[in-house]
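Engineer: Modelling step: build the complete structure from the supplied sequences, incorporating the hints.
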Amino acid sequence: MTETQLCETFLPLLRAFGRRHLRDTAAAEELAQESLFLALEALHAHRIGTDTPLGAYVLGIARNLVREGIRADRRRRALDVQLAPFEDVAHAPHVELDQHLRVCISRLTSTARAVLVRAIVEEETGPEIAEALGITPTNVRVIRHRALAEVRRCLQDGELRA
Amino acid sequence: MSSRADIEDYLHGAMSDEDADGFEDALFASADPSVAREVQNVLWLSDAIRVLRDHEASISMTCVRADLDAFRARGGRMEAWTLVDGGTLRQPIAPDTQLVVGRLPLPLADVRRVDLEIADPDGPGRFPRVNDVEVDRAEDCVWVPCAARVALASQVTVFRLFAHHTDGRVTTHQYTAELG
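Those protein sequence lines, which keep their order, are chains W and L. Counting from 1, one number per residue, gives the positions in the first sequence under the numbering used here. Counting from 1, one number per residue, gives the positions in the second sequence under the numbering used here.
Mixed in with the good hints, there may be bad ones.
Derived Cβ-Cβ restraints for the label pairs, each shown as a range [said to hold, decoys possible]: (1) L:Arg74 <-> W:Glu150: 24 to 30 angstroms; (2) L:Ala80 <-> W:Glu128: 43 to 49 angstroms; (3) L:Glu178 <-> W:Pro127: 44 to 50 angstroms; (4) L:Asp19 <-> W:Gln5: 37 to 43 angstroms; (5) W:Asp51 <-> L:Met78: 55 to 61 angstroms; (6) L:Thr82 <-> W:Thr109: 28 to 34 angstroms; (7) L:Leu89 <-> W:Gly60: 57 to 63 angstroms; (8) L:Ser3 <-> W:Asp51: 14 to 20 angstroms; (9) W:Gln5 <-> L:Asp132: 34 to 40 angstroms; (10) L:Asp21 <-> W:Asp51: 20 to 26 angstroms; (11) W:Arg153 <-> L:Ser16: 28 to 34 angstroms; (12) L:Thr171 <-> W:Arg146: 44 to 50 angstroms; (13) W:Pro53 <-> L:Arg113: 55 to 61 angstroms; (14) L:Pro121 <-> W:Ser110: 30 to 36 angstroms.
Keep in mind the hints are simulated off the structure, nothing from the lab. Computed from a predicted model, the values in this text were never measured in an experiment. Just so it is clear, CB atoms sit at the ideal spot from N, CA and C, and this is done for glycine as well.
Structural biologist: Okay, here's the thing in structure tokens:
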């Protein structure tokens with residue numbers, strides 16, 4: 001796997017890992033970039049053998065950083081340069097899409113909108129949302145899946161984004 | 001192995017820690033670019049929704065006063081414009097304003113549902129009409145938030161409310177906002 005492929009493949013996974021474990025978007029981004037930096041560093045230093053499972057190696061780095069409580073500003077500047085091509089526009093929401101997204105979300109039920117705000121913006125867990133809205137965690141899960149699928153469909157119908 | 005639903009459950013706290021550990025192991029072991037793109041897609045939509053709420057006070061077309069209060073509490077700078085039914089309000093936007101909120105007065109006592117359309121002055125709706133929007137019954141109005149940069153780009157915006165009354169009548173109310 002080339003460095004480019006490594007970045008393209010693992011950066012999203014590391015971002016997801018960070019969101020799950022840190023529940024903080026900025027901290028998750030920092031974790032993802034630091035993990036990737038350490039993986040690239042190991043790759044350059046030939047510390048990752050050809051028979052070493054790369055995915056497990058990268059995940060191991062991320063888990064260690066979470067355990068240690070990452071703080072790695074010292075490496076950020078170098079990393080920013082290295083990862084610049086991967087800070088792609090697709091990752092940053094476009095303001096121009098806001099109005100279309102609002103229309104799509106406005107078509108949902110008020111319960112679905114409340115679930116999305118609590119799950120995504122407030123980062124509440126399923127049981128927390130269920131308790132607040134007086135529904136079951138299973139219902140929360142189903143409503144969230146359907147709402148997100150509906151929003152995606154709506155955006156795609158408008159040929160806004162795949 | 002990783003469906004979009006699994007990724008959403010993993011991200012949004014609907015997966016136990018034990019299951020999440022196993023999910024991560026499989027996710028990273030696969031090192032599958034198509035799965036990575038799917039994860040990126042899920043993250044993109046989450047980010048877009050979060051940014052929408054942060055920038056525009058609400059994730060839907062209309063909002064209530066509590067949303068605006070929360071926006072201000074987060075340090076957001078907003079202007080509220082009270083528009084006139086059947087009239088045009090001409091007003092400049094202050095340079096540091098982030099959010100412009102149109103307050104559309106509408107007596108709601110006998111109204112069971114309100115639909116909203118946003119249009120250019122001489123054209124059709126910019127978006128499909130949105131049915132059954134959230135209204136503010138305490139203040140007899142509908143609040144429509146809009147990022148200042150979007151409002152600046154629009155120059156003139158026409159808001160149409162379609163009020164569905166309890167007796168079956170549907171009345172149309174038009175409000176125009178123009179940058180002065």
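Engineer: So, for every hint listed, does it hold in this structure?
Structural biologist: Status of each hint after checking the structure:
1. Taking 24 to 30 angstroms as the suggested C-beta distance range, the pair Arg74 (chain L) and Glu150 (chain W) conforms, at roughly 27 angstroms.
2. A hinted range of 43 to 49 angstroms is violated for the C-beta pair Ala80 (chain L) and Glu128 (chain W), which are about 32 angstroms apart.
3. Restraint check, Glu178 (chain L) to Pro127 (chain W): a C-beta distance of roughly 49 angstroms satisfies the suggested window 44 to 50 angstroms.
4. For the hinted restraint 37 to 43 angstroms between Asp19 (chain L) and Gln5 (chain W), the CB-CB distance of approximately 28 angstroms leaves it violated.
5. Checked against the hint of 55 to 61 angstroms, the pair Asp51 (chain W) and Met78 (chain L) passes, with Cβ atoms roughly 58 angstroms apart.
6. A hinted range of 28 to 34 angstroms holds for the C-beta pair Thr82 (chain L) and Thr109 (chain W), which are about 29 angstroms apart.
7. Separated by about 60 angstroms at the C-beta atoms, Leu89 (chain L) and Gly60 (chain W) satisfy the suggested range of 57 to 63 angstroms.
8. At roughly 30 angstroms, the beta carbons of Ser3 (chain L) and Asp51 (chain W) sit outside the given window of 14 to 20 angstroms.
9. Under the hint 34 to 40 angstroms, the C-beta atoms of Gln5 (chain W) and Asp132 (chain L), about 47 angstroms apart, miss the expected range.
10. Roughly 24 angstroms separates the CB atoms of Asp21 (chain L) and Asp51 (chain W), a value that falls within the hinted 20 to 26 angstroms.
11. Separation of Arg153 (chain W) from Ser16 (chain L) is about 29 angstroms and conforms to the stated range, judged on CB atoms against 28 to 34 angstroms.
12. Checked against the hint of 44 to 50 angstroms, the C-beta distance between Thr171 (chain L) and Arg146 (chain W) comes to roughly 33 angstroms, which is inconsistent with it.
13. In this structure the hint that Pro53 (chain W) and Arg113 (chain L) lie 55 to 61 angstroms apart at CB holds, the actual value being about 57 angstroms.
14. Range check, Pro121 (chain L) to Ser110 (chain W): Cβ separation about 31 angstroms, and the 30 to 36 angstroms hint holds.
Violated hints, listed in ascending order, are 2, 4, 8, 9, 12; each of the other numbered hints is respected by the structure.
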